[in-house]
Amino acid sequence: MQKKTQGAISVEEDIWAEFEGVPTVEKIVKNSSPLDLDADPEFVAGYLKAQFVEDIFKAMHEQGINRNQLAAKLGKSRQYVGRILNEKANFTLETLAEIACALNMQVAARMYARGERSVILPIVKKPQLTLFSDYVPDTNTVSPKTGGKNAGHLAA
Numbered sequence: 015m016q017k018k019t020q021g022a023i024s025v026e027e028d029i030w031a032e033f034e035g036v037p038t039v040e041k042i043v044k045n046s047s048p049l050d051l052d053a054d055p056e057f058v059a060g061y062l063k064a065q066f067v068e069d070i071f072k073a074m075h076e077q078g079i080n081r082n083q084l085a086a087k088l089g090k091s092r093q094y095v096g097r098i099l100n101e102k103a104n105f106t107l108e109t110l111a112e113i114a115c116a117l118n119m120q121v122a123a124r125m126y127a128r129g130e131r132s133v134i135l136p137i138v139k140k141p142q143l144t145l146f147s148d149y150v151p152d153t154n155t156v157s158p159k160t161g162g163k164n165a166g167h168l169a170a
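Residue numbers (my numbering): 15 to 170.
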């Protein structure tokens, strides 16, 4: 994999170098089916941890909060926050809740049957239509066409 392209390291080598020593990537390469990873608690835990850390970074960026500020909100040291953001610490549900509350976020941890996934769908508001069933005859109005009574109106 150490192909060199005109004296420079190839893009492929750069990408894989980022994952050097990460056990989850090694498992992906060794397993023949990606579904096998769903049965590996170590992989699932690592994946969830990586997702959570990504969510923390995203929330910090959106709120303009740095590691020191997050540590102050948590009442913890900057090193503690660093261990979490570097995925060195094991997370408990309490840790997840503390960080989410400090960032004014919510946590959703759900379990699904294999093969099922959570899907976020947009909510489309249907336009309200006035139906003819809302039509109420009115004996006190005059029809614009005939000038007679019982032209009716739409119920308000």
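Hint data in this document are derived by calculation from the structure and do not stem from the laboratory.
In this text the structure is predicted, and so the values were computed from the model without any measurement.
Hints are not guaranteed to be accurate.
Under the rule of at most 16 angstroms between Cα atoms (straight-line distance), these lysine to aspartate or glutamate pairs were calculated in the EDC-like manner [unchecked claim]:
| # | residue 1 | residue 2 |
| --- | --- | --- |
| 1 | Lys102 | Glu56 |
| 2 | Lys90 | Glu56 |
| 3 | Lys102 | Glu76 |
DEER-style ranges, computed between Cβ atoms [claimed, not checked]:
| # | residue 1 | residue 2 | range |
| --- | --- | --- | --- |
| 4 | Asn104 | Phe71 | 17 to 23 angstroms |
| 5 | Lys87 | Lys63 | 19 to 25 angstroms |
| 6 | Arg97 | Met125 | 32 to 38 angstroms |
| 7 | Met125 | Asn80 | 22 to 28 angstroms |
| 8 | Val58 | Asn82 | 30 to 36 angstroms |
Beta carbons: idealized from backbone N, C-alpha and C, even for Gly.
Verdict for arginine 97, methionine 125 (Cβ pair) under range 32 to 38 angstroms | Between arginine 97 and methionine 125, where Cβ atoms are some 27 angstroms apart, the hint is violated.
- Is the hinted pair lysine 102 and glutamate 76 satisfied, with a Cα-Cα distance of at most 16 angstroms? violated, 24 angstroms
- prompt: Does the alpha-carbon distance linking lysine 102 and glutamate 56 stay inside the 16 angstroms limit?
  reply: OK: lysine 102 and glutamate 56 at ~14 angstroms, within 16 angstroms.
Assuming the hint says 22 to 28 angstroms, is it satisfied by the Cβ distance from methionine 125 to asparagine 80 or not? Violated - the Cβ-Cβ distance for methionine 125 and asparagine 80, about 34 angstroms, lies outside 22 to 28 angstroms.
#### Entry: lysine 90 paired with glutamate 56 [C-alpha distance capped at 16 angstroms]
violated, 27 angstroms
Taking the CB of valine 58 and the CB of asparagine 82, does the distance hold inside 30 to 36 angstroms? holds, 32 angstroms
Does the beta carbon distance between lysine 87 and lysine 63 stay inside 19 to 25 angstroms, or does it fall outside? holds, 21 angstroms
Exercise. State, for the Cβ atoms of asparagine 104 and phenylalanine 71, whether the hinted interval 17 to 23 angstroms holds or is violated.
Key: holds, 19 angstroms
Violated hints, listed in ascending order, are 2, 3, 6, 7; each of the other numbered hints is respected by the structure.
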